[in-house]
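There are 2 protein chains.
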Amino acid sequence: MARRRRQSAARAENQGTDYTQLTHGFPRAEVFSTDQVEAIHGESLRVLEELGIRILNDEAREMLRAAGCEIRDDMMVHLPADLVEAEIARAPRRFTWHGATGFSVDVAPDTLIFGPGAGCPNATDLDRGRRPGTLADLVELLKIQEGFDILQKIGPMVEAQDVPVNTRHVELTRIQLENSRKIPFVFARGSGQTEQALEMIRIARGVDMETFRNTAYASTVVNTNSPRQIDVPMAQGIIDFARWGQVCVITPFCLAGAMAPITTAGALMLSHAEALAGIALSQIARPGAPVIYGAFSSNVDMKSGAPVFGTPEHIHANLGAGQLARRIGLPWRSGSGTASNAPDVQGAMETQAATWGAVLGGANLIYHAAGWLEGGLTISYEKLITDLEICQTIARAMEPVEATPEAIGFDAVAEVPPGGHFFAATQTMNRYATQFYEPLTSDWSNFGQWHDAGAVDTTKRAHALWKEALRTFTPPPMDVARKEELAAYAAARIAEGGAVVVD
Amino acid sequence: MARRRRQSAARAENQGTDYTQLTHGFPRAEVFSTDQVEAIHGESLRVLEELGIRILNDEAREMLRAAGCEIRDDMMVHLPADLVEAEIARAPRRFTWHGATGFSVDVAPDTLIFGPGAGCPNATDLDRGRRPGTLADLVELLKIQEGFDILQKIGPMVEAQDVPVNTRHVELTRIQLENSRKIPFVFARGSGQTEQALEMIRIARGVDMETFRNTAYASTVVNTNSPRQIDVPMAQGIIDFARWGQVCVITPFCLAGAMAPITTAGALMLSHAEALAGIALSQIARPGAPVIYGAFSSNVDMKSGAPVFGTPEHIHANLGAGQLARRIGLPWRSGSGTASNAPDVQGAMETQAATWGAVLGGANLIYHAAGWLEGGLTISYEKLITDLEICQTIARAMEPVEATPEAIGFDAVAEVPPGGHFFAATQTMNRYATQFYEPLTSDWSNFGQWHDAGAVDTTKRAHALWKEALRTFTPPPMDVARKEELAAYAAARIAEGGAVVVD
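In order, the protein sequence lines correspond to chains A and B. Sequential numbering from 1 applies to the first sequence in our numbering. Sequential numbering from 1 applies to the second sequence in our numbering.
Please note that a few of the clues may not be correct.
Output of the computed footprint for chain A on chain B, the stretches with three or more beta carbons under 8 Å from beta carbons of chain A [said to hold, decoys possible]:
1) 141-149
2) 227-239
3) 351-357
4) 375-387
5) 453-459
6) 468-482
Not the full set, but computed from the structure, chain B residues with beta-carbon under 10 Å of chain A [claimed, not checked]:
7) Tyr19
8) Gln21
9) Glu30
10) Arg54
11) Pro164
12) Asn166
13) Ala258
14) Gly266
15) Asp301
16) Lys303
17) Met398
18) Ala414
19) Phe423
20) Gln449
21) Trp450
Everything labelled a hint here was simulated from the structure, so no lab data went into it. Glycine included, every Cβ here is placed at the ideal spot set by N, Cα and C.
Can you make the complete structure from the sequences, with help from the hints?
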């Protein structure tokens with residue numbers, strides 16, 4: 001990390017930013033005092049101990065019982081506060097996440113990872129409009145994102161609804177490995193699916209089982225069924241990923257006013273309780289298993305009950321969630337997003353506001369940072385690109401600024417007469433090619449030029465950009481033997497019907 | 001201030017936010033170490049002392065000479081560092097800015113004021129397209145903004161190009177006073193124009209000359225002619241506004257790579273030097289005169305030389321400028337904006353990024369926070385509205401979050417069974433009407449509803465909103481006698497041909 005940070009400083013004000021490893025550069029903003037954080041943490045523990053959390057998975061309940069929890073009526077698990085504190089203390093504070101050869105990213109208190117919008121049932125683009133997602137859409141989206149290092153994490157940007165659910169995990173894993181160097185995602189939809197998908201990742205990475213089980217290569221997200229419930233596949237996912245040594249991102253989706261109290265503090269208190277229960281379960285399953293504390297809390301539109309994003313309440317939740325994550329010392333995951341139905345100004349505004357909230361909350365992993373529409377029901381090809389502009393802008397703005405005597409530039413000022421210009425100054429000539437950020441989608445021509453060139457708006461420019469990214473896509477190299485082994489494994493699993501989805 | 005802050009806390013998480021007095025709620029982000037700030041400040045002083053600044057105004061040069069500066073060839077004024085330090089120390093750290101009766105806003109280290117886009121030669125809206133600005137456009141824009149308290153400062157949102165320049169200041173002042181309670185703007189285009197405009201404001205506020213000269217009621221912006229030059233009317237503006245006790249916002253517009261060094265540190269060093277020279281002049285003209293330290297530094301597109309905004313460099317400049325402002329202890333003014341040619345996604349993205357940079361830089365006054373397009377060449381009626389959504393979102397996000405036991409909500413969590421919902425919980429019912437921010441332009445209906453209602457995009461919704469604001473505009477009350485006096489004074493000035501523009 002230290003080495004990389006130094007490289008980053010050397011690249012300051014240099015167009016050649018390495019986006020693959022980002023370090024936070026803004027101070028963390030806070031909404032709670034230290035006492036208030038303690039109070040919320042304490043009430044979360046009290047919820048787990050006194051009210052309990054309903055865990056529908058038999059194995060999980062049994063493990064928690066054996067660890068010292070009390071099980072009462074209707075699968076309610078009551079977790080003693082000291083047990084929870086002891087278990088979360090076992091989770092690693094930092095780890096390195098490995099992609100294909102040559103690609104890795106550190107997860108640590110001061111690092112930041114962006115992931116694209118994921119889990120969307122629909123896809124949309126300017127050519128083809130909005131439609132149910134297919135495997136072909138997902139392949140396209142994976143190829144497009146691969147050209148942008150600012151996304152270090154990948155995932156199911158759209159649901160491949162044309163693939164049977166019992167083999168979808170095989171296809172999803174295969175196309176992630178074939179089209180990307182980055183950290184892949186596996187749905188926790190039953191132990192059978194998890195095992196097959198993780199085995200594919202192990203094959204692709206070319207490591208033995210022992211190494212795989214002790215190195216972070218994959219991720220899943222476990223969403224609790226707020227309030228106070230974890231269902232069968234989600235609890236199984238926590239257990240399985242812990243045993244496999246893979247990263248479980250335990251993320252209550254606590255929307256204030258709907259599945260959680262209407263207040264920011266209340267929504268976070270519930271979210272925190274559920275995350276702590278999940279993390280405790282993971283550490284009981286395997287002490288030291290890598291987990292990420294998830295908190296994706298926003299609010300709902302009280303008129304319709306629909307989730308909304310990029311609101312002041314979403315920002316508040318991000319700032320508070322960061323404080324709770326730092327209280328327990330674990331890396332944490334947030335979510336960006338928008339409820340907009342179109343890749344328009346609302347979509348751009350809400351997603352950026354949400355992303356700033358997550359960044360200022362010190363999130364270490366921000367999912368849905370690009371492309372999400374309709375609160376996650378649709379992924380937009382064009383919005384994927386325009387949102388990356390914001391991720392890149394923030395990444396560059398987090399880099400150090402030079403303030404050497406040469407940069408402060410007394411000599412440059414002395415060189416230019418009053419009322420003159422610096423276009424040809426020595427300092428400018430030495431630096432102009434790499435000094436400034438070059439945008440992806442922004443058009444900085446003047447109105448006349450822009451108008452005469454067809455008055456193309458940002459979304460249409462983004463359209464051209466994703467097409468270009470698709471055209472220029474080159475698959476990441478993979479050892480031929482591994483590739484064949486992976487194909488054979490995938491074909492065999494599909495031939496035998498994949499694995500059953502547990503729900 | 002303290003009283004207002006307490007009110008604000010009581011309004012936390014309450015839809016009824018009072019936007020008229022904002023208090024910073026995010027930590028200041030920094031790009032320089034304390035030593036680096038000292039180094040930049042020191043080099044700025046060295047520029048003023050060793051290289052000098054060219055001041056084209058005879059009176060200003062004479063005042064500076066009399067104060068101890070050395071004048072060399074070609075109107076170059078060399079300001080001794082100790083003189084500059086002594087003069088800037090006289091400027092007030094805080095003051096209250098008064099609008100119409102009942103409207104005032106505190107300028108202090110922790111307060112924030114938003115102003116709309118200003119100075120644009122053109123106006124555009126979806127009905128009428130882009131055209132040269134007129135007085136009628138400006139009246140419309142002033143009426144529209146008056147419905148939104150999130151703008152506390154007003155100004156010449158568009159240039160009334162259909163009004164002769166020698167009487168334009170009379171019309172500009174008159175329509176600001178007739179249509180708004182907020183703090184008006186006066187162009188510094190010669191002492192005659194300044195005197196007439198300020199006299200109109202004095203009449204409208206109903207105060208005697210002594211009171212007027214000792215209370216902040218008006219503002220101007222002085223842009224230096226970077227690098228290292230202050231022209232005749234700008235220097236005169238500094239002197240006149242100081243003598244009148246009105247607020248001079250001294251703002252070098254130092255675009256890195258064009259009128260300033262290409263580095264952030266260098267552009268800010270030059271900007272700082274020019275601002276210090278202007279502030280020193282103001283304090284020599286009248287010790288204790290209210291001034292605002294301006295720093296509107298961004299970069300240019302190195303391909304075209306065009307100013308750009310919302311870039312990582314613009315963010316860096318805002319963070320560094322804030323540090324320099326705090327070094328000298330004065331309130332400071334930044335600028336938001338975009339180079340976009342349309343009120344589209346680029347416009348929304350760049351303006352929001354620029355605004356976050358200014359907010360995180362701790363700016364006390366952010367001009368061009370809403371409506372600017374094309375780097376200030378055009379103001380968009382629709383973008384005015386959509387940008388206000390971001391200002392309001394940030395304002396709400398800066399408010400405190402409740403963390404009382406009731407807000408943390410153990411009882412609310414206890415009330416809802418696992419897997420249930422909080423829509424009908426007691427806490428929800430007590431709070432739902434006012435808990436969440438209600439957006440101006442965001443449409444949170446689902447895709448089907450939105451599509452069936454015509455798939456109206458954000459910009460079109462903003463169009464409807466400004467029309468509604470125009471329809472519902474009510475002029476602020478003004479005492480009849482003052483109104484008549486104001487009208488008579490304006491008519492007399494216009495009849496005699498106004499006052500000559502100095503340039």
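Now the hints, each set against the structure:
1. Closer than 8 Å: that is the beta-carbon criterion, and the stretch 141-149 of chain B has 0 residues meeting it against chain A, so the requirement of 3 is violated.
2. Coverage of the stretch 227-239 of chain B by chain A holds. Counting CB-CB distances below 8 Å, 3 residues qualify, and the rule asks for three or more.
3. Evaluation of the coverage hint for the stretch 351-357 of chain B: fulfilled, as 4 residues show C-beta separations to chain A shorter than 8 Å, against a requirement of three.
4. With 3 residues having a beta carbon nearer than 8 Å to a beta carbon of chain A, the stretch 375-387 of chain B meets the requirement of three or more and the stated coverage holds.
5. Under a criterion of three residues with beta carbons nearer than 8 Å to beta carbons of chain A, the stated coverage of the stretch 453-459 of chain B is upheld, 4 such residues being counted.
6. Restraint check on the stretch 468-482 of chain B versus chain A: 0 residues with Cβ-Cβ distances below 8 Å, three needed, restraint violated.
7. At about 12 Å, the closest approach between the beta carbon of B:Tyr19 and any beta carbon in chain A exceeds 10 Å, and the interface hint on this residue is violated.
8. The beta carbon of B:Gln21 is not positioned within 10 Å of any beta carbon in chain A (closest approach about 17 Å), and the interface hint is therefore violated.
9. The interface hint given for B:Glu30 holds, since its Cβ lies 8 Å from the closest Cβ of chain A, which is under the 10 Å cut-off.
10. Annotation: B:Arg54 was flagged as interfacial toward chain A, and the flag holds, the nearest CB pair being 4 Å apart, inside 10 Å.
11. A hinted interface residue such as B:Pro164 counts as satisfied when its beta carbon comes closer than 10 Å to some beta carbon of chain A; here the least separation is about 26 Å, so the hint is violated.
12. Checking B:Asn166 against chain A by beta carbon gives a least distance of about 26 Å; that is not within 10 Å, so the hint is violated.
13. Interface hint at B:Ala258: satisfied, since its Cβ lies 6 Å from the closest Cβ of chain A, which is below the 10 Å cut-off.
14. The criterion of a C-beta within 10 Å of any C-beta in chain A is met by B:Gly266, whose closest approach is roughly 3 Å, and the hint holds.
15. A hinted interface residue such as B:Asp301 counts as satisfied when its beta carbon comes closer than 10 Å to some beta carbon of chain A; here the least separation is about 4 Å, so the hint holds.
16. A hinted interface residue such as B:Lys303 counts as satisfied when its beta carbon comes closer than 10 Å to some beta carbon of chain A; here the least separation is about 8 Å, so the hint holds.
17. The closest approach between the C-beta of B:Met398 and any C-beta of chain A is roughly 9 Å, which is under the 10 Å cut-off, so the hint is satisfied.
18. The criterion of a C-beta within 10 Å of any C-beta in chain A is met by B:Ala414, whose closest approach is roughly 6 Å, and the hint holds.
19. A distance limit of 10 Å between C-beta atoms decides the matter here; for B:Phe423 the minimum to chain A is near 7 Å, and the interface restraint holds.
20. The interface hint given for B:Gln449 holds, since its Cβ lies 9 Å from the closest Cβ of chain A, which is under the 10 Å cut-off.
21. A least Cβ separation of about 4 Å between B:Trp450 and chain A falls short of the 10 Å threshold, and the interface hint therefore holds.
Hint compliance for this structure: hints 1, 6, 7, 8, 11 and 12 are broken, all remaining hints hold.
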